[in-house]
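Peer 1: With the hints in hand, could you dock these two chains into one complex?
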Amino acid sequence: MTVGIVLVSHSPALAEGTAELVLSLTAGGVRVLPAGGNSDGALGTSPPLILDAVMRANEDGHGVLLIPDLGSSVLSARLLIDDLAEGVLALADAPFVEGAVAAGMAASTGGDLAVVQAAAKEAWSFRKDPD
Amino acid sequence: MMDAARTRAWLTAAARLINANSGHLTALDTAIGDGDHGLNLRRGFEAVTAEATGDTPGAVLKAAGNALIDATGGASGPLYGTFFRRAAKALGDAPEVDDAVFAQALAAGLAGVQTLGGAAEGDKTMVDALAPAVTAFAAGGDAAAAAANGRDATESMTARKGRASYLGERSIGHIDPGAASAALLFQALCSVTTD
Chain R
1 MTVGIVLVSH
11 SPALAEGTAE
21 LVLSLTAGGV
31 RVLPAGGNSD
41 GALGTSPPLI
51 LDAVMRANED
61 GHGVLLIPDL
71 GSSVLSARLL
81 IDDLAEGVLA
91 LADAPFVEGA
101 VAAGMAASTG
111 GDLAVVQAAA
121 KEAWSFRKDP
131 D
Chain G
132 MMDAARTRAW
142 LTAAARLINA
152 NSGHLTALDT
162 AIGDGDHGLN
172 LRRGFEAVTA
182 EATGDTPGAV
192 LKAAGNALID
202 ATGGASGPLY
212 GTFFRRAAKA
222 LGDAPEVDDA
232 VFAQALAAGL
242 AGVQTLGGAA
252 EGDKTMVDAL
262 APAVTAFAAG
272 GDAAAAAANG
282 RDATESMTAR
292 KGRASYLGER
302 SIGHIDPGAA
312 SAALLFQALC
322 SVTTD
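Residue numbers (the numbering used here), protein chains in the order written: chain R, 1 to 131; chain G, 132 to 326.
The hints are simulated quantities; they were obtained by calculation from the structure and are not laboratory data. Wrong hints could be hidden among the right ones.
Output of the computed footprint for chain G on chain R, the stretches with three or more beta carbons under 8 Å from beta carbons of chain G [said to hold, decoys possible]:
1. 45–59
2. 68–76
Calculated Cβ distances over 10 Å to all of chain G for the following chain R residues [claimed, not checked]:
3. Gly87
4. Thr109
5. Arg127
Taking lysine to any residue pairs in the SDA-like style, the calculated list, with each CA pair at most 25 Å apart, reads [unchecked claim]:
6. G:Lys292 - R:Leu70
7. G:Lys220 - R:Leu51
8. G:Lys292 - R:Asp83
9. G:Lys292 - R:Trp124
10. R:Lys121 - G:Ser296
11. G:Lys292 - R:Val97
12. R:Lys121 - R:Ala13
13. G:Lys292 - R:Leu91
14. G:Lys220 - R:Asp82
15. G:Lys292 - R:Arg78
16. R:Lys121 - R:Met105
17. G:Lys292 - R:Ile81
18. G:Lys292 - R:Pro12
19. G:Lys220 - R:Pro48
20. G:Lys292 - G:Ala158
21. G:Lys220 - R:Asp83
22. G:Lys292 - G:Thr246
23. G:Lys292 - R:Asp82
24. R:Lys128 - G:Tyr297
25. G:Lys220 - G:Ala136
26. G:Lys220 - R:Val88
27. R:Lys121 - G:Gly249
28. R:Lys121 - G:Thr246
29. G:Lys292 - R:Gly71
30. G:Lys220 - R:Gly87
31. G:Lys292 - R:Glu98
32. G:Lys292 - R:Leu43
Here a beta-carbon is modelled for each residue, glycine too, at the ideal position from N, C-alpha and C.
So here's chain G without its partners, still in its complex pose (with noise of 0.2 Å):
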């Protein structure tokens, strides 16, 4: 079950997994990025854990989605704000749902981000770790494992998305930055819900 608390909680989970990897986050992406991602999404996070509130998971998820987009100030800003904006429009207005209905909304959320970055599963994006996550969490199976698998996939894939993609080849050998950041918000997904 999920109400606007524990959806708050996952939120404000995620940020301090966010804070306390950002150094990490921004090493992957130094080595194939422009170096930006973990900074970028610490400064987005914070800006959700001060402005993601409201009565009902939806609101919270939309109120974090526009605090993404307006703080981040990278790729990751208007792709994670899709997926909570999109997560939230098919929660609507429902003061707590269940799991079924939250997973379909997590889908609707990565349905959101492949639509906007054109992203599909083996492009070494935060797709691959997002993908798994949100099908393992519909089927009530271990989501943040899902997420961690899939973001470590990533290291043997060629990057056909976003910067690393100039790469080609090159981009083999290294963690998504994107997927490891994607598995941080399963992992306190996970953490929220497992109780």
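Extracted from the complex, chain R is given alone in its bound form (with noise of 0.2 Å):
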């Protein structure tokens, strides 16, 4: 089993290349998908192209982790998790980079889906300055 991560940025490019990192320091064990920006491809975010992100990423049925930066992204994520059934989806309280990261590493290990989940919020405690 493998959790699914869609990665929900404002920016195209920040959803590619943070899936881009997560893929390659899992080698390659994860089904992490990028869902950036508008319908346009433009910078802003669509629902409609996150839910289709969640419905790939969710193939084996094992459930899918939301990982939004900020903003639209936060309540696009909030809005979809409402709206589909208990268990598919799970929000990520998360720094965007760090979070996918964890996510990434606790999905490839074979973590559920609630285990996927708080491997992404314990990515605040990283600190880059312990003083």
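Peer 2: Set out below in structure tokens:
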């Protein structure tokens, strides 16, 4: 089983670049899909685009962790979680890049949706200046 | 009384007002946000005009909410989309409703917006125009004037939600673009309910 991950950013490049990073750090062992930008591919958010990525990330049926960056990404992610059946989708309360990498590692080692969600949240504690 | 035709008339009136004021909304958003509010909402309400049809007020508002969520492209899409979808849910499938029932539906919409966005009155958001307008509508008062007053009151507030909150006190002196668009929404509503 592998939990899917969808990266929701205002920026297509940021979502795609973060997905690339997660894939490389997990040796491709996780289904991570970018959902960045609006329907025109410009800066913004598109709930239909996110939903499409969620469906593709959930091909195994083990659920999907949504990782939003900020603003309307967060609102769109919350909205979709309300819309979909419970257990399909969880929201990552996490820093975008660090949370994505932590979630990717947890998913690639077989963690379930709750474990992957918790791993992302734990990324808040990765200090860069411990002092 | 609201039926499907009058509900649709509200939305098309709102779309016209949003379209006519889209430059102004974008200018407000350029001052304290990311400068896309007018453009986003214009796109969203174009989709509403095309897609918000149905046999009941609830059906029309639900279609409007879905259109806004799908087409808008910024935070206002999920927020206004939730406003209409929650109102639709409260209306159910009644073919027409009196103003008291419609007022309750608007209150449900407002509650949905506040749950999704986490904003309270005074945070310098659309809630500062929506909340007094919903209260005024329920009391049979002038909801458009209440929304406009709420919009104007955001000028002296410090933003605590959204992109403008990064500016902190530098957001003071600017009207919130979301409150400005919410005032247009209630201006449109009053234009179809006052006869």
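Peer 1: Now tell me, hint by hint, if it's right for this structure.
Peer 2: The hints, checked one at a time:
For a cut-off of 8 Å, the count of residues in the stretch 45–59 of chain R with a CB near a CB of chain G stands at 4, and the three-residue condition holds. With 4 residues having a Cβ less than 8 Å from any Cβ of chain G, the stretch 68–76 of chain R passes the three-residue criterion, so the hint holds. The beta carbon of Gly87 (chain R) is kept farther than 10 Å from every beta carbon of chain G, the shortest such distance being approximately 21 Å. With 10 Å as the threshold on Cβ separation, the claim that Thr109 (chain R) sits away from chain G holds: the shortest Cβ distance comes to roughly 33 Å.
Non-interface status of Arg127 (chain R) relative to chain G is upheld: no Cβ of that chain comes within 10 Å, the nearest being about 23 Å off. Proximity of Lys292 (chain G) to Leu70 (chain R) is assessed by CA-CA distance (about 11 Å); at most 25 Å being required, the pair is judged to hold. Our distance criterion of 25 Å between C-alpha atoms is met by Lys220 (chain G) and Leu51 (chain R), whose separation comes to about 22 Å. With a CA separation close to 23 Å, the supplied pair Lys292 (chain G) and Asp83 (chain R) stays within the 25 Å bound.
Among the hinted pairs, Lys292 (chain G) with Trp124 (chain R) is consistent with the structure: their alpha-carbon atoms are about 21 Å apart, no more than 25 Å. For the proposed pair Lys121 (chain R) and Ser296 (chain G), the alpha carbon gap of about 23 Å is at most 25 Å, so the pair holds. For the given pair, Lys292 (chain G) sits about 23 Å from Val97 (chain R) by alpha-carbon distance, which is consistent with the 25 Å threshold. Annotation: proposed proximity of Lys121 (chain R) to Ala13 (chain R) holds, straight-line Cα distance about 23 Å (limit 25 Å).
Between Lys292 (chain G) and Leu91 (chain R) the alpha-carbon distance is near 19 Å, which keeps this suggested pair within the 25 Å criterion. With a C-alpha separation of about 14 Å, the suggested pairing of Lys220 (chain G) with Asp82 (chain R) holds against the 25 Å cut-off. Simply put, Lys292 (chain G) and Arg78 (chain R) have alpha-carbon atoms about 16 Å apart, close enough for the 25 Å limit, and the pair holds. About 13 Å separates the Cα atoms of Lys121 (chain R) and Met105 (chain R), which keeps this hinted pair within 25 Å; it holds.
Between Lys292 (chain G) and Ile81 (chain R) the alpha-carbon distance is near 21 Å, which keeps this suggested pair within the 25 Å criterion. Simply put, Lys292 (chain G) and Pro12 (chain R) have alpha-carbon atoms about 24 Å apart, close enough for the 25 Å limit, and the pair holds. At most 25 Å may separate the alpha-carbon atoms for a hinted pair to count; Lys220 (chain G) and Pro48 (chain R) meet this at roughly 21 Å. Using a Cα cut-off of 25 Å, the hinted pair Lys292 (chain G) and Ala158 (chain G) holds, with the two alpha carbons roughly 19 Å apart.
With a C-alpha separation of about 13 Å, the suggested pair Lys220 (chain G) and Asp83 (chain R) falls inside the 25 Å cut-off, and the hint holds. Taken as a hint, the Lys292 (chain G) and Thr246 (chain G) pair is honoured in the structure, with Cα atoms around 13 Å apart against an allowance of 25 Å. Distance check on the hinted pair: Lys292 (chain G) and Asp82 (chain R) sit about 21 Å apart at the alpha-carbon level, within 25 Å; holds. Annotation: proposed proximity of Lys128 (chain R) to Tyr297 (chain G) holds, straight-line Cα distance about 22 Å (limit 25 Å).
As the CA atoms of Lys220 (chain G) and Ala136 (chain G) are separated by approximately 18 Å, the hinted pair is consistent with the 25 Å bound. Note on Lys220 (chain G) and Val88 (chain R): the hinted pairing holds, with a Cα-Cα distance of about 23 Å set against a maximum of 25 Å. With a CA separation close to 20 Å, the supplied pair Lys121 (chain R) and Gly249 (chain G) stays within the 25 Å bound. Restraint check for Lys121 (chain R) and Thr246 (chain G): satisfied, since their Cα atoms lie roughly 21 Å apart, inside the 25 Å limit.
The suggested pairing of Lys292 (chain G) with Gly71 (chain R) holds, with an alpha-carbon distance near 9 Å, which does not exceed 25 Å. Distance check on the hinted pair: Lys220 (chain G) and Gly87 (chain R) sit about 23 Å apart at the alpha-carbon level, within 25 Å; holds. The suggested pairing of Lys292 (chain G) with Glu98 (chain R) holds, with an alpha-carbon distance near 24 Å, which does not exceed 25 Å. A threshold of 25 Å between alpha carbons decides the hint, and for Lys292 (chain G) with Leu43 (chain R) the separation of about 20 Å falls inside it, so the pair holds.
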